[in-house]
Every structure is written in structure tokens, then in C-alpha cells.
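Protein chains: 2
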Amino acid sequence: MNTTQRADRAGETTREQQVLARIAKVRARRPKVREERITLAHGAGGKATHTLIEAVFVEAFRNPVLEQLEDGASLDTEAGRLAFTTDSFVVSPLFFPGGNIGDLAVNGTVNDLAMCGARPLHLSASFILEEGFPVVDLQRVVASMAAAAQAAGVQIVTGDTKVVERGKADGCYVTTAGVGLLDRPLRLSASAARPGDVVLVSGPIGDHGITVMLARGELDISADIRSDTAALNGLTARLLDAAGAGVRLLRDATRGGVATICNEAAVASQVAVVLDEKSVPVRPVVTGAAELLGIDPLYVACEGRLVAVVAPEHADAALAALRAHPLGEGATVIGAVRDDPPGLVLLRTSFGGTRVVDLLVGDPLPRIC
Amino acid sequence: MNTTQRADRAGETTREQQVLARIAKVRARRPKVREERITLAHGAGGKATHTLIEAVFVEAFRNPVLEQLEDGASLDTEAGRLAFTTDSFVVSPLFFPGGNIGDLAVNGTVNDLAMCGARPLHLSASFILEEGFPVVDLQRVVASMAAAAQAAGVQIVTGDTKVVERGKADGCYVTTAGVGLLDRPLRLSASAARPGDVVLVSGPIGDHGITVMLARGELDISADIRSDTAALNGLTARLLDAAGAGVRLLRDATRGGVATICNEAAVASQVAVVLDEKSVPVRPVVTGAAELLGIDPLYVACEGRLVAVVAPEHADAALAALRAHPLGEGATVIGAVRDDPPGLVLLRTSFGGTRVVDLLVGDPLPRIC
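If you read the sequences in order, they're chains A and B. Under the working numbering, think of the first position of the first sequence as 603, with each following residue one higher. Under the working numbering, think of the first position of the second sequence as 603, with each following residue one higher.
Fair warning: there could be bad hints in the mix.
Note that identical chains are pooled: a pair holds if it fits in a single copy or bridges any two copies.
What the hints assert, rightly or not - Okay, derived cross-link-like pairs now, DMTMM-like style, lysine to aspartate or glutamate, Cα gap no bigger than 25 Å in a straight line: (1) LYS880 - ASP826; (2) LYS649 - ASP739; (3) LYS649 - GLU637; (4) LYS880 - GLU637; (5) LYS880 - ASP960; (6) LYS770 - GLU820; (7) LYS770 - GLU638; (8) LYS634 - GLU767; (9) LYS634 - GLU733; (10) LYS634 - GLU732; (11) LYS770 - GLU732; (12) LYS649 - GLU733; (13) LYS649 - GLU669; (14) LYS770 - ASP739.
Quick caveat, the hints were computed from the structure, so don't treat them as lab data.
Work out the full structure, taking the sequences as your base and the hints as a guide.
What follows is the structure in C-alpha cells.
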């Protein structure tokens, strides 16, 4: 072991100690939900969601796998290393340009598995249907799920259906869960980002969220835009083949968007994530609609875009691998990881200034997925 | 191979061919949902549910695992044999004597895995919350889930939370999924029943369903009864240790009750299931309330009772194993499998007559789980 390696190792240890100390601190803090009743913000993926998860779910279910708060659970079982994940979908409207609740649910669960570095294998699908929901609509949703599963190379192997009375749901809610095989020697984690790492995104952001908002007809504009919903397991396989050893973290930018992923990484890794506004790919129509809605595209959900944090020496290979795949053609570097200030996301604006990009407090885009 | 063995083997082959022919026939039949809109009956576990599953879900997702229509999927993966299952819970009211939606969800998913012969390992939990739902109620639900998981020896390792606007849900819906290890050389299946087999139930039936109906206050009576919700993986482990080689089928008697399980076995195995009414254990309060509701206790849901179909030479060992466990103290033989008439369930009534016990057409007990 030479001096540099020893220093690296020492640096690793210090960092690990810092992360452990942070976990200890978070555990000691015992976050509290201040509200007496659930609000839409608790489902928005921002601050209220994080507090609810930590104060209610992690507090009660407490175990080392759940406490990692990744997109899915990585499990060491007697049957090998598996990834396991679930998501409920309550998107409104159910049908929108580019997709519907069905392919959204399949792609979302496939993506959560892919972001763990897993090869998605099997999905479950559970439906909560409102009495009176048209059977033809259910058939459209289910047909989209079948097509999405086939495109992603997974099988829907088990499921359930419940029906509730009129006025006790909104047509159709879908919950998917998925199992995948962790057959690569990776430990992707929000706490794995290191100063010097590069932050990449696989394409233009915010298409899904803006499409759904426009489909609600609340913003009296029509635009040529469609959801980016897609299964990213082919893209992650390509990326991990090319730059696996250097990939620290993969996340699909759903609820809360790119800003939320960067915040989670900054806090969990105790690093700063510095984004460069002019490098963040956003379609003009998304920028325009987001302006009308008064929100930053960095917070708008995508359903077919990933953020990767990659070691600097693997960044070129990672970018090339993403761009070589149809779903990553628009991949680009959007920022870098720095030492300071730990736990924060900074944005270098187009005007040359710098501002903090925090977690969202409210929910500007309810029921986006 | 002696003559008897040869004859057995030939009998096996003929039966297998019959089952395959039946599957081919079912596939060819292409069932249709006649209703234009979803009704509560589609969620009741009876005829409408079966048609919906076959016509919509199996039709679209078509794969050999799903087509077996067991409580969970048995998967041969590179990581070994796994069981995978999911259920949504929409029970109303959320809290009832003996449990709430939280432990019901955990026990339900643990039981679906146990009924596959699996050792349940990991659960996911996904919540759809209605805006305005009291946080203390959520905490009660979650605390029950944690306690139920601990009692069953499983961990809740991943989850999701969505919030919908007031009037778009009914407080709280929970969807659990679960993964278990199939580490026994079993192939339990609804199509495995053979003439001569014995049908056992692990205790008095209908407690859960009647408890929930009474908790709604619609039947102006109060009774000393509580839900039987419980994790049955300890009980199935004991049963399979004692009589594993002879166990053909395990099912927990949830929606649709014991009658539905027997119908599924009769149809899938092309056998008759003959039940003996006076042997079926039902508490007097359940009999009384079911009479007031105008339903047969055989259709009322339990959430902590199993039905086992066992080869005759293993029946004594199976019964003794069930009775030796606190959750199987009331186990008893309730019927037998016969050759004829294939696909039907018959009940020998207390009055000495015999009647057909068919699948339910409507839903007398909506939102029971």
C-alpha cells in the first residue's frame, strides 16, 4: 500500500465515520410530523414526505435495509442478492399524451429496480378500482402494462383486485412491486457520492410532469409534448457495462425531480452538489409551462430519465454509454460533487449567481405519478 | 416398478393430460366481462372476480406463472426458488376488534407466501392516503404493521406513500407485497387435489368477516367476537414438517371464504369436493350474524384460517400438527375429495340432504379486507 492509497483509505474511513455519525444523529433527532392531518405535501416527495417517512415509517419498521431509503431494497437472501421495490400510482388524469397509469406503473417499478443496479425480473400488479369505472378503460390500462412489461423484458406474475364504492377512489389506482436480480458487484447508494464526482442526466427533464399538468386542462395551453415514461433497465445495463466500477448512484428523477435526488445525495453523502443551470437540458415548452406554473423545472417529475453520479475517471465512458442508447441520446453533464458546503445543492445560474436548491416544502404538482 | 406403481403412474399421466386439456379449453374459451362498468362484485372474490381476472388480467399478461392463479407466484430464478405475492387492502372500517388494516395487510401477505409453502422474508408496504387522514391513525396502522411483521418474523424493507385529495380515497389504503424462499421440495397447487384426499380447516371460520360487518354498525347487534387476523407461517411450517409430502394445497380462507377455495380446487383439479356441514367449525355468534345477513358462513372471510387438502395417508399427521399449534387448536376435517361430479363442491347438510356450493355471484360483504 503506497502513501496515496493509505491516505485514500484513511479518507474513506473518515468519510464512513462521518456518515455513521450522521446516521446516529438523524436517529437521535427523532423527526416529528407537526401536522395533525395528512396533506397533499406529504405525497409530494419533498420535505413533508421525508419527515413522514422518517417519523412514521422508518421509526416503526426500523431495520438496516429500510433505513438506507433507496429506491428499492437490496437484500442478501439465501437465494442470492435481490432487489425488491414497490410504488403506488394515483396519477390524474389516468390517460395522458405518451402513456397512462398502466405503463407508468410498470416502468416506474422496473426503473426502481434498475436504479438499484438490478436486472428486473418479475412484477406484481394490484388494482384498487372505483365502482363504475369503465371496463374498457381498465382493459386499456392493462394492455399498456402488458406492452410495457414486454418492452422491459419482465413478467407480471401475480396480482390482486379490490373494488371500493363510488366516491372512494378516482377510477383506478395501481400498485406495482418488483423483484430483480443483483448480479453485479455494485453497492449503489445515495451516500456514495464523493467530491470530484460528476453528475449526469440522461436527457431533457420535466416532460412527464408538464404533460400531466397540461392534460388536466388547468393551464389553458396546448403544447406538443408527451410523457417521457420508459423502462430504463436497458440504459442502466449499458451504463453499468461501460462504467460500472465508477457509478456511485443511480436514480430516476420522478416525484421531486432532479433537485430532490441531488438533495438526497448531498445529505446522505455529506457533500455539496453544484449544478450548472445552463447545462441542465430542458425543452423550451417545459421551461415555458413551468414558468406559468411558478415552479422550477428542476423539481418537475420525469418518468424516463435518470441521474447518475459517477467517479470523474469514468465520466466520459458513462456519458458515451448513455448517449449510445436511444433513451440516453440527450445525456449530458449537469454538475459536480464538491466538499463544501456539505448537505447542500447549489445552482450556478445562467446570470452568473449561485443559489441554494432546497427540498420542496409544498406540492405544486399533486398526483403526477 | 410393480403393477400398482405402473397403474398409479398411468393414472397420474391421464390426470395431467386432463388438467392440460382443461387449461387448453379455458384458454380457448376466452371469457368475457359482460358488464360495461366495474361493480363491487368484481372485488368480491366470486364469479365476477374470476371472470375479470381471466378476461382482463390473464388475457393481457399471459404467462405460465400467472396462469396458475395461486395465492402467490412461485418463481424459478437464478437466485433460487422464490415466492412473490401482493394484495391491496381497503377494509372498512380501518379499525375493528382484533386488528386494523395494518396488521391485516402484513398477515395477509405473509399468509399468501406461507400458502405457497414459502418461508416469508421481506415485505413492501405502499400507502394511498386521503388528504385529511389523521396522522395519529396512520401511526396506529403503522405500529400494528410493525408488530405483525415482528410476530411473523419478516421485515418491511421498502415502501411508498401517495396522497390523494379529499373524497378520492377512504382514509387509507394499504398494498403489501412479499418475497419468500421456497426451500421445500413442494409443488402445492389448486390442481393437485386427488380423489380420496382429505380437506381440513385450521379453526372456526368467518370470525373476521362477521367482526368487520358488526364493526360497521349496520347490523344493530353487538357480539363478543374479534377478527382472526394472524400470520400463519408458523402453522404451515409445522404442518409441512409433519405431513409435507402429503399436502396438495394450502389456502388461507380470505375473500369468498372456504367455499371459494373448495370451488377453485374442484375446478382446477377436476374433482368433486364434498363438505360435511356439521363438521365445519363455526362459532354460534358467526352463525347467528350470518343468518341475519342472509349469507352462508362458508363464504365469509377469515384472515387467520387455512384450508389444507391432504393425501389420506398423511391426514392424521396433518391434523395432529395443526392442533399442536396455538393457531390450529380448532383444526378439523371438514370434507373429502371425490371423483365425481368433477368441478363441483357439494355440501352434506345437517338435515341429511346434499346441495351444490357454487361461487358467489354478488358481493354480500364488500370491503372486508
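Alpha-carbon proximity between LYS649 and ASP739, which holds within one copy, between copies, both or neither at 25 Å | Classified as between: cross-chain Cα gap 21 Å, same-chain 35 Å, threshold 25 Å.
When no copy is named, should LYS649 and GLU637 be tagged within, between, both, or neither for a Cα gap of at most 25 Å?
-> within (13 Å within a copy, 44 Å between copies)
LYS634 and GLU733: within-copy, between-copy, both or neither at 25 Å Cα | Result: close only across copies, 18 Å inter versus 37 Å intra.
Within, between, both or neither, where LYS770 and GLU820 count as close if Cα-Cα is 25 Å or less = both (23 Å within a copy, 19 Å between copies)
Within, between, both or neither, where LYS770 and GLU732 count as close if Cα-Cα is 25 Å or less = both (7 Å within a copy, 10 Å between copies)
If the cutoff is 25 Å on CA atoms, where do LYS649 and GLU733 land: within, between, both or neither? Let me know, please.
-> between (34 Å within a copy, 17 Å between copies)
Give the relationship of LYS634 and GLU732 under a CA distance limit of 25 Å: within one copy only, between copies only, both, or neither.
-> The answer is between: 20 Å across copies meets 25 Å, while 34 Å in one copy does not.
Intra- versus inter-subunit Cα pairing at 25 Å for LYS634 with GLU767 | between (34 Å within a copy, 23 Å between copies)
Could you figure out if LYS880 and ASP826 sit no more than 25 Å apart (CA to CA) within one copy, between two copies, both or neither?
-> Cα proximity of LYS880 and ASP826: one copy only (23 Å, versus 68 Å across).
For the identical chains here, do LYS770 and GLU638 meet the 25 Å Cα criterion within one copy, between copies, both, or neither?
-> The answer is both: 22 Å in one copy and 19 Å across copies each meet 25 Å.
Give the relationship of LYS880 and ASP960 under a CA distance limit of 25 Å: within one copy only, between copies only, both, or neither.
-> The answer is within: 19 Å in one copy meets 25 Å, while 67 Å across copies does not.
Intra- versus inter-subunit Cα pairing at 25 Å for LYS770 with ASP739 = Both ways: LYS770 and ASP739 sit 18 Å apart in one copy and 18 Å across, limit 25 Å.
The structure shown violates just one earlier hint, number 4.
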